[in-house]
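Chains as they are written, first to last, in our numbering: chain D, 42 to 349; chain S, 42 to 349; chain X, 11 to 257; chain F, 11 to 257.
Be aware that a few hints might be false.
As the list claims (entries may be wrong) - Within a straight-line C-alpha distance of at most 25 Å, the following computed BS3-like cross-link-like pairs (lysine-lysine) qualify:
| hint | chain 1 | residue 1 | chain 2 | residue 2 |
| --- | --- | --- | --- | --- |
| 1 | D | Lys310 | D | Lys70 |
| 2 | S | Lys101 | X | Lys135 |
| 3 | S | Lys57 | S | Lys70 |
| 4 | D | Lys101 | D | Lys194 |
| 5 | D | Lys57 | D | Lys253 |
| 6 | D | Lys218 | D | Lys101 |
| 7 | F | Lys240 | S | Lys218 |
| 8 | D | Lys144 | D | Lys101 |
| 9 | D | Lys144 | D | Lys253 |
| 10 | D | Lys310 | D | Lys144 |
| 11 | S | Lys101 | X | Lys240 |
| 12 | D | Lys70 | D | Lys218 |
| 13 | X | Lys138 | S | Lys101 |
| 14 | S | Lys346 | S | Lys253 |
| 15 | S | Lys101 | S | Lys194 |
| 16 | S | Lys310 | S | Lys144 |
| 17 | D | Lys70 | D | Lys144 |
| 18 | D | Lys70 | D | Lys57 |
| 19 | S | Lys194 | S | Lys253 |
| 20 | S | Lys101 | F | Lys240 |
| 21 | D | Lys57 | D | Lys218 |
| 22 | S | Lys57 | S | Lys218 |
| 23 | F | Lys135 | D | Lys57 |
| 24 | F | Lys135 | D | Lys101 |
| 25 | S | Lys70 | S | Lys218 |
| 26 | S | Lys70 | S | Lys343 |
| 27 | S | Lys57 | S | Lys194 |
| 28 | S | Lys101 | S | Lys218 |
| 29 | D | Lys101 | X | Lys240 |
| 30 | D | Lys218 | X | Lys240 |
| 31 | F | Lys138 | X | Lys240 |
| 32 | D | Lys101 | F | Lys240 |
Worth flagging that the hints you see were computed from the coordinates, not collected in a lab.
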Amino acid sequence: ADLQGYFDTIVAADQKIEPRDWMPEAYRKTLIRQIAQHAHSEIIGMQPEGNWISRAPSLKRKAILLAKVQDEAGHGLYLYAAAETLGISRDELVEMLIDGRQKYSSIFNYPTLTWADVGAIGWLVDGAAIVNQVPLCRCSYGPYARAMIRVCKEESFHQRQGFEILHTLSHGTPEQKAMAQDAVDRWWYPSLAMFGPPDGDSTHSERSMAWKIKRFTNDELRQRFVDMCVQQAGILDLRIPDPDLRWDEARGQHDYTQPDYDELMRVIKGDGPCNQERMEHRRRAHSDGAWVRAAARTYAEKRAKNAV
Amino acid sequence: ADLQGYFDTIVAADQKIEPRDWMPEAYRKTLIRQIAQHAHSEIIGMQPEGNWISRAPSLKRKAILLAKVQDEAGHGLYLYAAAETLGISRDELVEMLIDGRQKYSSIFNYPTLTWADVGAIGWLVDGAAIVNQVPLCRCSYGPYARAMIRVCKEESFHQRQGFEILHTLSHGTPEQKAMAQDAVDRWWYPSLAMFGPPDGDSTHSERSMAWKIKRFTNDELRQRFVDMCVQQAGILDLRIPDPDLRWDEARGQHDYTQPDYDELMRVIKGDGPCNQERMEHRRRAHSDGAWVRAAARTYAEKRAKNAV
Amino acid sequence: MSHVGYVLGLADDALVAAQRLGEWCSRAPEMEEDIALANIALDQLGVARMLLTYAGELEGAGRTEDDLAYLRSAHEFRNVRLVELDNGDFAVTMAKLLFLSVYQRLLYDRSIGVGDERVAAVAAKARKESAYHVDHSSRWVVRLGDGTEESNERMQAAVDLVWPYTDQLFEVDPDVHALSVAGVIVDPSTLRPAWLAAVDAVLAEATLTRPLDSDSSVVRRGEHTEALAKLLAEMQVLHRAHPGARW
Amino acid sequence: MSHVGYVLGLADDALVAAQRLGEWCSRAPEMEEDIALANIALDQLGVARMLLTYAGELEGAGRTEDDLAYLRSAHEFRNVRLVELDNGDFAVTMAKLLFLSVYQRLLYDRSIGVGDERVAAVAAKARKESAYHVDHSSRWVVRLGDGTEESNERMQAAVDLVWPYTDQLFEVDPDVHALSVAGVIVDPSTLRPAWLAAVDAVLAEATLTRPLDSDSSVVRRGEHTEALAKLLAEMQVLHRAHPGARW
């Protein structure tokens with residue numbers, strides 16, 4: 042009771058819970074699930090963009106894309122490290138990803154069909170991620186909050202790069218412009234769905250708010266994202282594929298069409314366009330690398346023995 | 042002694058030795074080695090041309106090339122079958138190819154770098170093969186002679202197709218013409234080397250002639266090939282890369298520069314440009330397919346047992 | 011989907027299947043299988059060429075079979091995703107071939123008498139080839155499914171992997187339906203029960219389990235996986251590098 | 011080989027190496043290794059860009075780094091065959107990287123003070139990166155060579171596979187030799203003893219056997235394997251599909 046009281050006080054005071062502090066078991070579990078899912082998303086998220094590294098249309102773009110995908114691996118690593126402070130190992134988490142017990146963000150189950158998709162992912166998907174993650178920099182769990190600060194800094198860099206790709210395309214040849222518009226058409230609604238189900242249907246949401254893991258509801262964040270995109274789409278000279286999108290004077294926000302939440306549920310369940318490929322790719326990388334990891338372990342053990 | 046006498050009589054009378062006939066052990070071994078090497082060459086020979094199936098520049102060419110490479114597999118099969126009549130199994134022969142105890146024609150250790158190489162292989166390599174093989178249709182060993190009749194028919198078809206590819210290229214755009222000439226430049230001497238070392242250095246040659254396995258010497262066949270090519274090169278409007286090539290009025294044949302036999306020896310020994318890739322490719326196909334062959338055997342055994 | 015779109019769909023299924031099968035060349039588990047796979051690739055390629063030529067005529071813009079094969083980009087291809095999937099191991103290739111060829115056989119069989127005489131003529135030629143493809147892939151699926159423990163596992167994994175892509179074969183399209191009602195062509199969506207019965211019989215003999223159908227909405231023709239653009243990059247590279255050249 | 015040819019050789023080695031390393035992205039045996047390989051790819055790509063730009067200037071025909079990277083065909087590339095070989099398993103990749111990076115480190119080290127100031131400047135930047143590449147690949151070669159029985163076998167097989175391609179790094183060329191005597195650039199053929207000593211030390215620590223040198227004549231730069239054209243088909247496809255476009 043004392044411990045719970047102390048925990049509540051810290052959270053209420055907007056201070057940080059640290060790994061060695063007592064915390065409710067449900068808080069720990071919620072955090073593990075959320076951080077792990079976030080880490081898995083970074084790792085799986087390397088695939089759709091990685092798909093275009095070999096074909097990047099200029100060496101400069103190839104370098105930027107390589108660096109970006111590398112950053113995602115880095116994010117994955119420090120998020121796994123943050124999760125490990127909660128008493129679970131990265132190996133366990135990776136196992137749970139591989140055997141499907143834990144999820145990653147459904148957005149990565151959509152294919153990157155053209156180069157413009159790399160731009161759209163940067164602009165929309167990283168944009169949505171930032172809107173989601175900026176509040177997490179103030180999350181009540183210290184290691185997660187600190188990881189998010191680092192992640193957000195790089196994500197906003199990525200978002201700008203995506204914007205720049207689309208801007209170049211939309212001001213290029215007619216084929217390039219069409220490619221950019223097609224990508225925005227395909228990624229818009231899946232990006233809106235990244236904020237999760239509408240508030241009414243969102244489980245766990247309320248408790249996470251109370252624990253100050255979450256600071257805003259799904260719908261609040263989604264609205265913020267829409268408002269941000271509308272303005273940027275104007276600069277990009279690209280159309281957001283929503284005929285009902287309009288400024289609501291009274292609300293001081295945009296009205297917009299909700300994404301297809303049934304589709305979101307299907308994709309989460311495993312029936313998205315690329316779920317199989319993404320998982321298969323990850324599993325193969327993991328199993329193809331098993332002999333390498335085993336060799337590294339064996340070598341380290343030999344050296345440790347010789348050192349004694 | 043009687044048996045030997047009968048064998049000698051048959052050979053002398055230009056009749057065929059058949060599988061159940063007695064034959065000298067050395068004759069059997071020579072034939073096994075030669076037929077196996079020939080069969081292996083067909084199988085390895087699928088690779089350099091197979092390399093261009095995916096990129097054939099028109100659907101018609103793709104179809105022709107697919108059919109050609111398929112024919113090569115077919116030739117491999119009936120040559121292995123001919124070798125099997127000599128009391129060795131295809132599995133044993135394949136093992137000997139895979140572990141390097143038996144050779145295949147060195148020509149297939151050169152890379153196909155452009156589409157024109159497909160034409161050059163057809164025109165020069167298949168052309169040389171035909172010159173080599175036509176006399177084998179009269180070989181003293183029946184099954185081999187009959188296999189060669191079938192092979193030769195298809196080879197001459199392939200040779201015409203190669204000629205046609207080069208003809209189209211050499212009468213196409215300047216880039217196409219350059220591509221064709223470059224291919225001929227690279228394949229000319231290796232093709233000459235296909236006839237083996239000069240007569241003076243050729244082991245086994247004399248005995249094979251006596252047995253009527255071989256009918257002409259390496260140099261006789263090489264000369265025949267050169268004479269044939271010179272005339273066709275004219276029609277192709279392509280240059281044979283030999284500054285010393287000229288008609289010798291006295292001999293009634295062309296003088297020409299010999300290929301680099303040191304290079305031939307190096308390639309035979311394993312140091313050609315693609316020896317490693319070709320063997321590695323074959324080994325991988327064989328080992329990747331092991332589980333399939335095992336399944337087929339197991340299934341057949343189950344069925345056989347149930348049938349009893 | 012327009013009439014041209016329909017014909018292009020059949021053509022592109024065959025063309026992309028041929029391209030994938032051609033990748034096996036010199037890599038098959040047995041030499042006999044090298045020959046068989048090349049044969050099937052040739053059959054598919056033959057159908058693709060006839061149908062592409064016809065599609066170009068229907069379109070009326072003067073495009074040849076090569077223009078359509080080599081100068082369209084991925085989003086213009088009308089093939090189902092099933093055929094563009096990577097070859098995977100031999101089990102995946104056989105699963106893909108079984109599902110495709112049972113579909114093609116049914117489609118060609120029923121197209122023999124349709125109003126579109128060109129399609130009918132191609133179907134008449136292709137149906138026999140198709141029956142061989144069904145036979146060949148069925149035999150392998152059974153051998154592998156009912157072979158060793160390893161082959162059974164691989165074959166089941168292959169069926170599981172490929173199954174979700176079979177939906178798209180039976181896409182429901184109002185234009186196609188209308189053309190079908192008018193007797194011009196066969197509506198593929200009507201083939202599903204017969205297809206399922208045929209496939210089920212093979213899977214049963216192979217001691218394999220048919221995966222559950224997903225409740226995902228059907229992906230329409232024209233939507234592709236990431237694999238198609240890469241396949242086309244290789245297939246088209248030489249042709250595109252020499253605009254206007256003859257080969 | 012001309013001066014431009016020499017610079018293009020260094021550039022293309024780095025570019026093609028970067029392309030192959032980039033293929034590992036999201037496929038590495040460990041996440042840390044995904045990061046490391048991307049890092050090395052980025053270093054190689056950076057060097058390639060500087061040298062391609064310089065080669066374009068030397069050539070004087072107004073070609074940019076992208077013109078040179080995307081609009082040359084395979085036979086115009088000057089890279090050694092070593093870098094274009096398929097990635098193979100992780101052991102093959104590490105063998106390739108060790109052999110290449112030891113060579114590059116020596117070349118860059120000795121190029122610091124050469125008369126070609128542009129090459130010298132690139133070398134000054136690249137030598138530190140190169141030292142890291144050597145370190146990284148050496149550690150892996152040792153770990154794998156002296157790891158499990160399987161990893162030892164794979165690492166030895168990888169060394170055996172790649173070894174014959176190392177000859178080409180040390181090609182003897184009279185023009186390059188002349189430029190080197192004039193102090194303009196470093197003649198790679200002079201690096202062989204130092205390279206061999208460095209590589210030998212790593213192989214010994216890794217309990218691996220150095221393959222015998224073949225007596226094959228050295229393959230000259232500009233001669234390639236079948237792999238390069240396929241690599242370029244993928245690398246160049248998008249750029250070539252949109253002539254003149256900005257990205």
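What are the numbers of the hints that this structure violates, sorted from low to high?
8, 12, 14, 21, 22, 23, 25, 26 and 31
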